[in-house]
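Start from the sequences and build out the full structure, keeping to the hints where you can.
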Amino acid sequence: MAVANTVAWRRRHLVTMEDLFREEIELILDTAPQFLAVQKRESGIKKVPLLQGRLVVNLFLEPSTRTRISFELAAKRLSADTLTITTSGSSAVKGESLHDTLANIEAMHSDIVVIRSRFAGAPAILTHRHTSRIINAGDGSHEHPTQALLDAFTIRQHVRAQRDDPGAGLDGLRVAIIGDIAHSRVARSNIWCLTKLGASVVVCGPRTLLPPKIERMGVDVTSDLREAMKGADVVYALRIQLERQAQSLFPSLREYIRLFRVDSESLKVAPENALVMHPGPINRDIELAADVADGPRSVILEQVSNGVAIRMAIMHLLANSGPEE
Amino acid sequence: MAVANTVAWRRRHLVTMEDLFREEIELILDTAPQFLAVQKRESGIKKVPLLQGRLVVNLFLEPSTRTRISFELAAKRLSADTLTITTSGSSAVKGESLHDTLANIEAMHSDIVVIRSRFAGAPAILTHRHTSRIINAGDGSHEHPTQALLDAFTIRQHVRAQRDDPGAGLDGLRVAIIGDIAHSRVARSNIWCLTKLGASVVVCGPRTLLPPKIERMGVDVTSDLREAMKGADVVYALRIQLERQAQSLFPSLREYIRLFRVDSESLKVAPENALVMHPGPINRDIELAADVADGPRSVILEQVSNGVAIRMAIMHLLANSGPEE
Amino acid sequence: MAVANTVAWRRRHLVTMEDLFREEIELILDTAPQFLAVQKRESGIKKVPLLQGRLVVNLFLEPSTRTRISFELAAKRLSADTLTITTSGSSAVKGESLHDTLANIEAMHSDIVVIRSRFAGAPAILTHRHTSRIINAGDGSHEHPTQALLDAFTIRQHVRAQRDDPGAGLDGLRVAIIGDIAHSRVARSNIWCLTKLGASVVVCGPRTLLPPKIERMGVDVTSDLREAMKGADVVYALRIQLERQAQSLFPSLREYIRLFRVDSESLKVAPENALVMHPGPINRDIELAADVADGPRSVILEQVSNGVAIRMAIMHLLANSGPEE
Chain S
1 MAVANTVAWR
11 RRHLVTMEDL
21 FREEIELILD
31 TAPQFLAVQK
41 RESGIKKVPL
51 LQGRLVVNLF
61 LEPSTRTRIS
71 FELAAKRLSA
81 DTLTITTSGS
91 SAVKGESLHD
101 TLANIEAMHS
111 DIVVIRSRFA
121 GAPAILTHRH
131 TSRIINAGDG
141 SHEHPTQALL
151 DAFTIRQHVR
161 AQRDDPGAGL
171 DGLRVAIIGD
181 IAHSRVARSN
191 IWCLTKLGAS
201 VVVCGPRTLL
211 PPKIERMGVD
221 VTSDLREAMK
231 GADVVYALRI
241 QLERQAQSLF
251 PSLREYIRLF
261 RVDSESLKVA
271 PENALVMHPG
281 PINRDIELAA
291 DVADGPRSVI
301 LEQVSNGVAI
311 RMAIMHLLAN
321 SGPEE
Chain G
1 MAVANTVAWR
11 RRHLVTMEDL
21 FREEIELILD
31 TAPQFLAVQK
41 RESGIKKVPL
51 LQGRLVVNLF
61 LEPSTRTRIS
71 FELAAKRLSA
81 DTLTITTSGS
91 SAVKGESLHD
101 TLANIEAMHS
111 DIVVIRSRFA
121 GAPAILTHRH
131 TSRIINAGDG
141 SHEHPTQALL
151 DAFTIRQHVR
161 AQRDDPGAGL
171 DGLRVAIIGD
181 IAHSRVARSN
191 IWCLTKLGAS
201 VVVCGPRTLL
211 PPKIERMGVD
221 VTSDLREAMK
231 GADVVYALRI
241 QLERQAQSLF
251 PSLREYIRLF
261 RVDSESLKVA
271 PENALVMHPG
281 PINRDIELAA
291 DVADGPRSVI
301 LEQVSNGVAI
311 RMAIMHLLAN
321 SGPEE
Chain Y
1 MAVANTVAWR
11 RRHLVTMEDL
21 FREEIELILD
31 TAPQFLAVQK
41 RESGIKKVPL
51 LQGRLVVNLF
61 LEPSTRTRIS
71 FELAAKRLSA
81 DTLTITTSGS
91 SAVKGESLHD
101 TLANIEAMHS
111 DIVVIRSRFA
121 GAPAILTHRH
131 TSRIINAGDG
141 SHEHPTQALL
151 DAFTIRQHVR
161 AQRDDPGAGL
171 DGLRVAIIGD
181 IAHSRVARSN
191 IWCLTKLGAS
201 VVVCGPRTLL
211 PPKIERMGVD
221 VTSDLREAMK
231 GADVVYALRI
241 QLERQAQSLF
251 PSLREYIRLF
261 RVDSESLKVA
271 PENALVMHPG
281 PINRDIELAA
291 DVADGPRSVI
301 LEQVSNGVAI
311 RMAIMHLLAN
321 SGPEE
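Quick mapping for you: the protein sequence lines, in order, are chains S, G and Y.
In terms of our numbering, the first sequence is residues 1 to 325.
In terms of our numbering, the second sequence is residues 1 to 325.
In terms of our numbering, the third sequence is residues 1 to 325.
Possibly wrong hints are sitting among the right ones.
Just so you know, same-sequence chains aren't split out, so a pair can sit in one copy or run between any two.
Straight-line Cα separation of at most 25 angstroms, SDA-like style, residue types lysine to any residue; simulated pairs [to be verified]:
| no. | residue 1 | residue 2 |
| --- | --- | --- |
| 1 | K47 | L317 |
| 2 | K40 | R11 |
| 3 | K47 | A107 |
| 4 | K268 | G231 |
| 5 | K46 | T131 |
| 6 | K40 | H99 |
| 7 | K40 | G167 |
| 8 | K47 | T31 |
| 9 | K47 | S321 |
For the record, the hints were derived by calculation from the structure and aren't laboratory data.
Since this is a predicted model, take the numbers as computed values, not measurements.
What follows is the structure, encoded as structure tokens:
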């Protein structure tokens with residue numbers, strides 16, 4: 001690792017970015033590069049035995065492919081055994097509570113449980129009664145902390161390369177997050193993470209999709225895409241949940257595209273080396289133009305690649321943390 | 001192991017409790033503790049290589065989470081390779097017979113096939129034509145032998161601890177099984193197992209949910225919950241299949257709860273140290289009060305934990321048995 | 001291996017039989033026996049470490065059990081890590097393109113991606129933009145190359161045994177393929193494969209299920225089952241897609257059975273030692289009589305067993321091929 005970190009990791013769970021201190025975030029980011037090297041097989045090593053014989057359970061109560069396989073792969077590259085439980089075919093259909101489901105998983109001696117749930121706060125509540133390490137893989141519209149961490153890692157990677165400074169951080173950067181801010185756990189976790197790391201954040205979307213009092217999170221707010229992009233080092237397009245349209249939360253798709261799509265036209269106001277990011281999966285040519293998604297500014301696939309390394313780092317840190325004080 | 005057992009295991013399959021001799025049941029129970037120690041990592045060992053390179057196929061043709069993952073984990077902790085086939089997305093949808101499905105699995109050189117099916121007797125029929133070791137993971141309303149074995153193991157554990165006698169068995173114990181006896185494979189397998197081990201069983205439920213001539217299985221029968229609980233060393237609540245109500249098999253949920261729920265009130269007639277058991281998943285506050293399920297008498301999560309060890313023991317015994325005489 | 005092969009394998013992908021040269025087909029067939037020995041544990045070896053630490057992703061966008069588990073097992077017996085993605089619960093439901101799905105999988109550093117898709121040509125198109133080794137596990141009505149290879153391997157095995165000649169090939173053999181030729185990727189891949197290996201092929205089915213100008217593929221065509229079977233060394237019955245009947249592509253099931261079913265009656269015109277094959281799953285007593293499927297001429301379960309070995313051979317060859325020229 002390039003940077004020695006003087007903080008020791010003490011947490012047993014990772015459920016929100018709101019909870020984390022800057023030093024903890026940086027410790028995770030500093031731990032990831034060694035795992036990225038494993039994933040890329042830079043030294044011929046394809047797996048590490050750090051979690052050999054441990055059991056990682058992926059409890060995905062909402063459909064998901066990429067986040068689920070990212071966690072599964074992270075666990076496998078740490079040599080853990082993995083079990084994946086998805087909603088279909090699970091006891092959840094029999095009306096069992098999430099507490100009971102987790103109690104049963106733990107009775108089989110799980111070490112880490114990764115949970116995706118449509119209920120905001122579910123992972124946090126579970127930490128109070130259970131002994132497994134819990135990682136929040138997305139809880140309703142609340143948080144998606146591992147996404148924010150992989151995003152921050154990706155930004156830092158590029159800043160360090162651009163400035164040729166291996167110690168550079170996110171201080172002073174400006175990040176524009178565009179889209180349905182109100183319903184986005186990705187936006188919330190990123191706002192917490194980026195501001196703690198010293199970046200400034202501007203959120204931009206239709207008024208109906210901006211949560212009231214969002215300024216209290218310490219961000220700038222606008223419904224003018226060009227204003228948001230001006231001076232942005234990072235342009236982060238959120239995925240539009242097309243089903244929101246049925247709820248009349250925005251007038252029409254055509255209108256949304258006209259006003260908020262990140263494309264080569266709207267990007268003209270952003271600095272030339274601004275990064276374009278997206279949490280995936282992309283609605284091509286809706287919130288993000290296809291040519292931009294595949295273009296030189298886009299770091300979207302690096303986000304995916306870094307995601308596995310960040311999740312390996314988190315599992316490694318949690319598995320080796322002592323009991324919380 | 002505390003007890004040397006003079007019986008050698010000879011069976012290739014585990015399909016019913018009705019078939020097993022007392023000595024065989026005891027051999028399984030005596031084999032489990034060493035695997036429980038692995039599961040609990042008592043000596044730092046997390047896996048054993050006993051089934052390394054062997055293939056365990058989980059063929060689950062009915063939805064199930066906990067039984068499926070218990071078998072999956074058991075196989076993984078024995079270092080076997082595992083394949084899981086569930087109904088959705090399987091050739092079963094293309095109308096292939098179970099015989100053909102199993103023949104195809106065997107053509108790929110499976111060693112052990114764990115089958116859950118809604119057809120009573122399906123696993124037994126399959127043993128006649130196939131060469132894999134077959135374990136019945138529940139067949140219709142017929143049997144669920146591994147559940148009965150883990151239940152007997154859990155009871156024996158507690159009896160031995162209570163009496164401080166490492167050789168104690170179930171002889172003379174009284175077990176009350178409460179609920180929908182007629183449709184419960186758990187009840188049937190437990191009746192066979194417990195009576196063979198020398199325990200006496202009383203079954204209790206609404207008359208419409210008691211199978212005719214159940215006395216012939218050697219059990220007492222009553223529809224009076226308090227009568228059933230009187231003198232019971234174990235109170236075993238079955239899961240109510242809520243869909244039975246639509247079939248008018250019992251008058252109303254409120255009525256069921258009033259007459260048959262295991263709760264702190266009804267438990268007053270049972271001995272103070274009676275164990276409370278349930279096969280899961282629990283309908284909280286329907287067949288079992290939530291505070292009792294989570295209370296000091298409940299050994300429900302121990303059942304789950306023991307289930308993995310019992311299944312490891314069974315797989316180990318079957319995999320090493322010679323051809324049946 | 002019995003036969004030294006002077007061709008080196010250079011391809012990175014296996015997407016069609018149409019593309020392959022005879023020498024390449026023979027190289028795959030010559031590579032399979034060593035893996036068949038592993039699968040059958042002939043020398044006590046149950047797995048080989050050839051793909052240790054590599055990642056094989058099974059991307060099955062159509063329901064399938066047997067092909068999917070055959071690939072999964074092949075990967076596991078090569079010691080690869082495996083990830084399986086099926087349609088249900090995948091981002092495909094969120095409308096992501098196949099290109100994006102694959103780009104994301106690759107960003108997590110996959111080595112081999114096995115794809116089943118309902119779109120003819122999809123695997124081929126993907127090879128143009130992606131870096132993983134791609135194996136076509138069936139694309140619409142187009143091709144199913146690994147099925148054709150395992151079929152050719154099975155035929156060759158029997159020819160070599162029958163003639164007691166370890167160098168015998170398929171030259172001069174006659175293969176009758178019976179059923180819905182028009183919609184069968186199995187038929188298409190087999191026609192390419194068998195004719196390249198020097199066999200002659202006759203296809204037979206109702207006129208409505210014979211593709212126009214099929215003769216151009218170098219096969220004989222007939223709607224007379226007995227004519228097709230006369231002199232056939234192999235009788236290959238295709239699975240009838242029962243849903244075609246609703247599309248009025250054949251008059252009635254009874255009519256189909258009367259005219260095209262492979263059974264002991266119709267087989268009388270075939271040579272006595274003709275092999276009976278089927279890609280599975282069988283509609284028993286529809287396209288193939290149950291007693292024939294289970295009879296001495298049938299090599300259907302050998303096809304299944306050989307399938308794992310062929311897929312191990314293909315993965316091994318692809319994983320070790322250099323960049324394509």
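Against the structure, the hints:
In this homomeric assembly, K47 and L317 come within 25 angstroms of each other (Cα to Cα) both inside a single copy, at 17 angstroms, and across copies, at 22 angstroms. Only between protomers do K40 and R11 lie at most 25 angstroms apart by alpha-carbon distance; the minimum there is 23 angstroms, versus 28 angstroms within a single protomer. Proximity of K47 and A107 under a CA criterion of 25 angstroms is satisfied inter-copy only: 17 angstroms between copies versus 28 angstroms inside one chain copy. Taking the shortest alpha-carbon separations for K268 and G231, only the intra-copy value of 11 angstroms comes in at or below 25 angstroms, while the best inter-copy value is 72 angstroms.
Taking the closest pair of Cα atoms, K46 and T131 come within 25 angstroms of each other only across two copies (18 angstroms); inside a single copy the shortest separation is 30 angstroms, beyond that limit. When the C-alpha separation of K40 and H99 is checked against a cutoff of 25 angstroms, the pair qualifies only between copies, where the shortest distance is 21 angstroms, while the shortest distance within a copy is 38 angstroms. When the C-alpha separation of K40 and G167 is checked against a cutoff of 25 angstroms, the pair qualifies only within one copy, where the shortest distance is 22 angstroms, while the shortest distance between copies is 43 angstroms. Taking the shortest alpha-carbon separations for K47 and T31, only the intra-copy value of 16 angstroms comes in at or below 25 angstroms, while the best inter-copy value is 28 angstroms.
Taking the shortest Cα distances, K47 and S321 sit within 25 angstroms of each other both inside one copy (21 angstroms) and across copies (22 angstroms).
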